[in-house]
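Enquirer: One-letter residues, chain by chain:
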Amino acid sequence: MLLFSGGKDSLVLLRLAEKAFWPCPMPFPVMHVDTGHNFPEVLEFRDRRVADLGVELVVASVQASIDAGRVRGPQGRDPSRNRLQTVTLLDAIAERSFDAVFGGARRDEEKARAKERVFSFRDEFGQWDPKNQRPELWSLYNGRHHRGQHIRVFPLSNWTEMDVWAYIAHEQLEVPSIYLAHRRRVFRRDGMLLSEGPYIAPDEGEEVFEASVRFRTVGDMTCTGAIESVAASLEEVIAEVAAARVGERGATRADDRVSETAMEDRKREGYF
Amino acid sequence: MELLRFTTAGSVDDGKSTLIGRLLYETKSIFEDQLEAVDRASRSRRYEQVNLALLMDGLRAEREQGITIDVAYRYFATPKRKFIIADTPGHIQYTRNMVTGASTANLALVLVDARNGVVEQSRRHAVLSSLLHVPHFVLCVNKMDLVGYDQDRFEEIQEEFQSFAARLEVEDLTAIPISALYGDNVVTRSPNMAWYEGPSLLHHLENLYIASDRNLIDPRFPVQYVLRPHSAAFHDYRGYAGQVSSGSFRPGQEVLVLPSGLTTSIEAIETADGPVDEAFPPMSVTMRLADDLDISRGDMICRPHNRPAVSQDVDAMVAWLSEMPMQLGGRYVVKHTTRSARSLVQELYYRLDVNTLHRDLDATVLGLNEIGRVRLRVMVPLFYDGYRRNRTTGGFVLIDEATNNTVGAGMILEKVH
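Respectively, the protein sequence lines represent chains A and B. Here my numbering is used: the first residue of the first sequence is 1, the next is one more, and so on. Here my numbering is used: the first residue of the second sequence is 273, the next is one more, and so on.
Errors might be hidden in some of the hints.
As the list claims (entries may be wrong) - DSSO-like, lysine-lysine: derived pairs with alpha carbons at most 30 Å apart:
hint, chain 1, residue 1, chain 2, residue 2
1, B, Lys300, B, Lys354
2, B, Lys300, B, Lys352
3, A, Lys19, B, Lys352
4, B, Lys354, A, Lys131
5, B, Lys354, A, Lys19
Because the hints were derived from the structure by calculation, they are not lab data. Nothing here was measured: the structure is a model prediction, and the numbers come from that model.
Turn these sequences into a full structure, and let the hints steer you where they fit.
Expert: Right, dumping it as structure tokens:
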């Protein structure tokens with residue numbers, strides 16, 4: 001199964017899978033873990049792209065996990081369902097007995113991901129054990145596992161953010177509209193611009209204003225920040241990425257800011 | 273853009289992190305938020321200065337213990353080339369990480385402290401890089417500022433390393449005197465060492481000729497997947513998908529398929545973007561052949577007059593990567609190109625001491641991080657070339673069937689007669 005969120009990395013991954021199996025259809029479904037807090041523009045793009053390809057889309061719903069009592073909704077001021085996705089994802093993998101899950105994660109994104117294998121073994125609990133990873137030499141990948149275990153596969157491991165954009169431009173791939181500059185009502189929190197919307201509202205004293213923005217990463221509306229930008233075409237986005245002095249996750253992801261090892265901690269539990 | 277992959281190995285003290293930090297910083301590859309995070313972490317650990325090693329050490333245990341445990345990959349680019357650094361710990365207990373990093377590297381950057389000269393760790397890095405047949409070596413004599421930028425000292429170390437490297441199979445070696453801390457000869461030539469007439473390190477990395485690192489002579493195409501769409505548009509289509517390991521293929525050429533030994537010709541070489549008139553590494557393509565032969569994953573397409581060795585017996589240097597030692601008579605799954613098969617360790621000729629190059633002929637097991645010459649008996653024939661000639665068709669990994677762990681890495685020696 002291939003994880004497809006509609007984000008730039010996963011749309012590149014989907015394209016590579018499409019090409020690898022041509023002229024056959026890709027022999028596995030795509031899956032989206034839907035937090036219920038996604039950008040509507042991205043969901044629309046997801047459905048259209050999947051329909052064009054004629055592949056099966058499995059939507060694993062975090063809301064369904066909450067309704068079924070598998071997880072509790074987030075409490076307090078932070079409404080992010082980011083961490084809850086892990087339970088939904090692992091349930092979906094177990095339900096369909098998937099042996100392998102393709103993901104678009106890259107090593108240059110984050111320091112814990114820099115340690116990730118291309119073929120990453122997960123035990124019966126979906127756990128990642130960073131200190132006990134299989135050595136990976138040449139391009140001889142070891143995908144062997146017992147029943148109930150699975151492998152996460154990251155074909156874009158050695159791509160950088162710039163490589164992803166260059167490929168999108170080279171292939172002239174369509175991207176969700178929120179990656180390009182547009183006018184949006186936003187408010188500032190912890191140095192990030194968050195989108196005003198149904199799932200997250202400004203606190204008292206957080207002023208809402210309209211600005212020309214775009215998103216560098218696509219995640220939950222509740223934890224993904226926009227950057228001020230006027231880059232409205234792929235070429236302009238590439239020029240902006242080349243000149244960026246702040247990393248894509250550092251700039252725009254509240255979920256990585258919880259602690260110095262927030263990503264490692266989530267990955268150990270089975271996060272993407 | 274061309275990609276150059278290189279390895280570094282060593283401890284915090286020899287200035288490795290400072291050197292990598294400087295390369296990243298000078299090529300504007302460190303983001304401000306990353307620098308700020310490292311700065312915060314350095315202060316919370318009460319370091320006297322910003323410790324760039326924290327940039328590399330991503331895992332909780334590494335940051336707590338101040339050591340690199342695993343291979344860390346770093347990415348940077350200049351207008352000329354893209355680079356991937358595989359940064360590995362230098363201590364002997366992490367030999368397997370060094371071997372992993374070296375397996376895909378074009379270049380090994382061996383770092384030496386000008387005050388201490390060539391030490392055990394630098395020798396080990398060189399031995400392992402040579403064993404994994406890394407094609408290019410750079411000896412960086414660091415901390416030249418601490419020896420007064422002395423030409424004699426540099427040349428002394430260079431000669432010492434060269435005489436050691438002469439015992440290895442090192443084909444291309446360049447020595448550069450640097451100071452990572454002050455940036456001498458890292459990105460630009462240093463005015464402090466006018467006697468040095470070679471390039472700066474970055475200039476060397478950018479301009480080194482690496483196109484011939486891949487074998488472009490021996491045509492090898494291990495079949496990865498058979499494509500049969502059964503659709504109206506592609507009714508009788510049968511294509512063999514895979515990545516070209518070495519050499520090149522063109523439509524119309526006569527080819528030989530292993531293990532059957534049957535010959536046919538290439539009808540077309542296709543990709544999702546249309547047909548191509550030549551396929552060479554690292555291209556992934558689909559081949560259509562003139563005749564319908566019985567071909568499946570693990571088979572190999574080559575040329576009638578240039579074929580790999582075909583044998584169930586292979587001699588190889590094996591690096592052992594597992595805490596469970598390799599036993600004489602032990603059974604492991606060998607994964608080689610797109611083929612996997614059970615194998616048996618039939619002989620252990622000797623164990624190699626990577627520090628002294630001494631061969632222990634009495635060894636009966638290979639422990640974690642040990643290297644030895646081994647003969648394997650494989651259940652089915654492998655189609656292989658000597659590793660020194662062809663890294664793709666000469667390398668394999670061994671997998672323990674009980675745990676599914678990757679436990680060994682092998683470099684096949686010339687054909688067994």
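Enquirer: Compare the structure with each hint and give your call.
Expert: Hint by hint, here is what the structure shows:
At most 30 Å may separate the alpha-carbon atoms for a hinted pair to count; B/Lys300 and B/Lys354 meet this at roughly 13 Å. With a C-alpha separation of about 14 Å, the suggested pair B/Lys300 and B/Lys352 falls inside the 30 Å cut-off, and the hint holds. Taking the CA atoms of A/Lys19 and B/Lys352, the gap is near 29 Å; set against the 30 Å cutoff, the hint holds. Among the hinted pairs, B/Lys354 with A/Lys131 is consistent with the structure: their alpha-carbon atoms are about 29 Å apart, no more than 30 Å.
With a C-alpha separation of about 24 Å, the suggested pairing of B/Lys354 with A/Lys19 holds against the 30 Å cut-off.
The structure shown violates none of the earlier numbered hints.
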